[in-house]
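*Asks:* I would like the entire structure built from these sequences, with the hints used as guidance.
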Amino acid sequence: MKLRQWKKIASLVIASVMATAVLAGCGSQQGGTDTIRLGANLEMTGGNATFGGSAANGAKLAIKEVNSKGGVLGKQLSLVIADNRSEASEAANAMQKLATQDKVSAIIAPIASSSVMAGAQVNQDNKILAISPTASNPKVTVDPATGKVRDFIFRAAFIDPFQGSVMANFATKSLNAKTAALYIDNSSDYAKGLGQFFKETFVKNGGVIVSEEGYLQKDTDFKATLTKIKSKNPDVIFAPGYYQEVGMIIKQSRELGIMVPFLGGDGWDSAKLPEIAGAQALNNSFFSNHYSPDDNSAAVKNFVDAYKKEYGQTPDAFAALSYDATMMIVEAMKRANSADPVKIKDELAKTKDYAAVSGQITLNATHDAVKSAVIVEMKDGKQTFREKVNP
Amino acid sequence: MDFASFASQFVQQLVNGVSLGSIYALIALGYTMVYGIIRLINFAHGDIYMLGAYVGFYATTMGKLPFLPALIIAMVVAAIVGVVIERLAYRPLRNHPKIAVLITAIGVSLLLEYGGMLLVSPQPRTFPPVFGNEIYNVAGIIVNLQQIIILVISVALMIILTYVVNRTKVGKAMRAVSFDTDAAKLMGIDVDRIISYTFAIGSGLAAAAGVLVGIYYNSIDPLMGIMPGLKAFVAAVLGGIGIIPGAMLGGVLLGVVESMVSGFISSTFRDAAAFGILIIILLFKPSGLLGKNVREKV
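Residue numbers (the numbering used here), protein chains in the order written: chain A, 1 to 391; chain B, 1 to 298.
No wet-lab data here; the hints were simulated from the structure. Careful: at least some of the hints might be erroneous.
Stated by the list, open to error - On the chain B side, residues computed to face chain A include the following (Cβ under 10 Å):
1) 6
2) 8
3) 15
4) 23
5) 101
6) 104
7) 124
8) 133
9) 146
10) 218
11) 219
12) 259
All C-beta atoms in this analysis are idealised placements derived from N, C-alpha and C, irrespective of residue type, glycine included.
*Replies:* This is how it looks when you write it as structure tokens:
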């Protein structure tokens with residue numbers, strides 16, 4: 001008898017808890033009536049933490065500016081940040097949380113291509129769009145298995161073929177390089193993509209790839225491979241990885257007496273790079289990026305001033321692109337006149353000639369941003385604007 | 001490839017390999033000493049190495065200390081932490097099945113890694129320049145000052161260790177405990193105290209390796225101990241686990257093999273080669289290069 005009574009009470013309690021949860025769920029789906037929630041699935045900790053931190057700052061700045069001008073559709077915006085710890089598996093979990101628990105209207109997707117891809121299915125299943133500020137691997141928006149465009153995945157960045165070929169053209173035309181070595185982060189889809197497209201363009205320009213080597217994230221000793229690369233005497237070395245390993249690679253190369261230029265992509269863009277490599281060692285190295293704070297267009301200047309005022313530092317490309325991505329969502333919401341995720345998605349896909357901080361953005365059929373790139377040169381530990389390359 | 005360039009690349013890879021290997025050797029010594037005494041693979045050892053690197057980092061940046069005092073402080077702090085870990089996590093399980101202690105060791109390892117992330121943030125840190133960056137070019141072979149310092153300090157620590165183990169009373173007691181714990185106890189040796197000493201010395205050596213690596217590669221993070229910890233374990237097994245000269249030999253050998261594999265075969269094959277060695281050694285000579293085949297006492 002006693003047991004049965006206990007069971008009754010327990011089931012009552014469970015039922016009421018579940019009912020509350022359901023009601024609460026209904027409530028949050030509507031969103032507080034006066035705010036529209038946006039999500040951000042970013043690298044707040046882990047190896048790419050400086051990227052995620054900048055991107056979060058950029059998104060927050062955009063939201064603050066929109067809110068101070070009265071918000072969107074008469075409502076204020078709020079930002080829910082989920083940390084993906086710079087890991088692809090965590091990125092999928094964070095995406096799930098934003099889509100199903102936080103019920104946001106749109107999501108700023110991770111920085112790293114691998115992480116966006118890991119969460120992409122969650123976006124497709126839950127019909128919530130994700131726009132990555134910087135993921136530049138083509139496979140992010142086009143499912144490689146089916147060849148179809150993932151209709152809920154977008155990016156505010158140009159893609160690897162463009163970035164890789166920009167650097168290859170820069171190597172042949174501006175640096176007169178005839179031979180190149182590739183030293184690629186094998187654990188990153190982004191780096192492998194850049195390496196492949198650099199190689200294609202460089203060979204088309206008449207250059208020769210004399211050596212192709214790889215490393216893995218978290219490696220610390222690169223001297224053995226660098227010694228091998230040195231023996232091949234390349235004119236330039238293309239190392240499209242992330243700043244932590246690239247910093248060590250450049251430091252160790254210079255120690256081995258490899259003085260040729262190093263080239264890379266936007267994964268280099270971090271204040272940690274000169275700290276790890278050393279300002280001296282970084283001289284004579286170049287990377288492609290989405291924007292440069294030294295660019296003197298009005299959009300860049302306004303953004304740099306506002307960002308400096310808010311955070312006391314110069315915004316990097318991650319901050320700029322995340323700001324752009326957030327603004328693109330806001331613009332799409334305005335055009336759709338709705339906070340419904342599917343309607344926002346339809347309008348976002350139509351983005352054309354949007355005057356963003358990182359240039360005029362048009363989204364093409366595969367949801368990639370078509371816009372200009374800049375080449376940044378490292379001089380005594382400082383990033384300096386070298387040239388702008390149009391698509 | 002003509003012979004001259006092959007030869008110079010070979011010697012350069014040898015230099016690269018020895019400086020990498022002496023780090024593995026320093027970490028492997030701690031593994032092997034602890035195993036020799038209490039038959040435990042201390043998986044938290046790689047994280048003690050990380051801890052040492054961080055103590056060294058804070059001593060040089062916040063404490064503004066020069067290299068040697070910072071190194072000694074890191075070794076002392078790590079030694080104390082090593083003893084505390086043994087006292088709290090391993091000693092209460094002394095008479096339990098070996099597997100219980102092994103799993104506890106993995107737990108301690110994860111605690112140090114993620115506790116470290118919480119305390120110092122997962123952001124990589126960079127050491128301030130501690131030594132000059134002089135580069136010596138000897139007939140095309142490039143050696144820098146840091147590599148020389150790493151080698152000198154590693155060799156000096158190994159000589160001191162060999163002296164302590166072979167010539168002092170504590171060392172004699174360690175060897176006795178390692179040989180037969182029960183008999184050592186009957187002879188009046190305080191076994192618990194000797195085990196504490198072993199953990200202190202092993203942890204101190206790992207911390208020294210951590211500081212040297214931090215300065216050499218100029219980047220430390222809370223998960224930096226995982227890979228070197230595993231590699232050092234391979235090195236210890238390669239030389240013969242429980243045998244001190246074996247750890248030194250195994251460490252240097254592993255470093256050289258890794259350099260040669262990435263230099264002459266393929267850089268992506270390097271880790272596969274390192275762990276392939278572990279499998280081959282376990283299959284064909286489980287007691288290691290310097291080990292004798294001894295029947296397990298039952």
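*Asks:* With reference to the structure, classify each hint as holding or not holding.
*Replies:* Results for each hint:
| no. | hint | result |
| --- | --- | --- |
| 1 | 6 | holds (9 Å) |
| 2 | 8 | holds (8 Å) |
| 3 | 15 | holds (9 Å) |
| 4 | 23 | holds (9 Å) |
| 5 | 101 | violated (28 Å) |
| 6 | 104 | violated (25 Å) |
| 7 | 124 | holds (5 Å) |
| 8 | 133 | holds (7 Å) |
| 9 | 146 | holds (8 Å) |
| 10 | 218 | holds (6 Å) |
| 11 | 219 | holds (5 Å) |
| 12 | 259 | holds (4 Å) |
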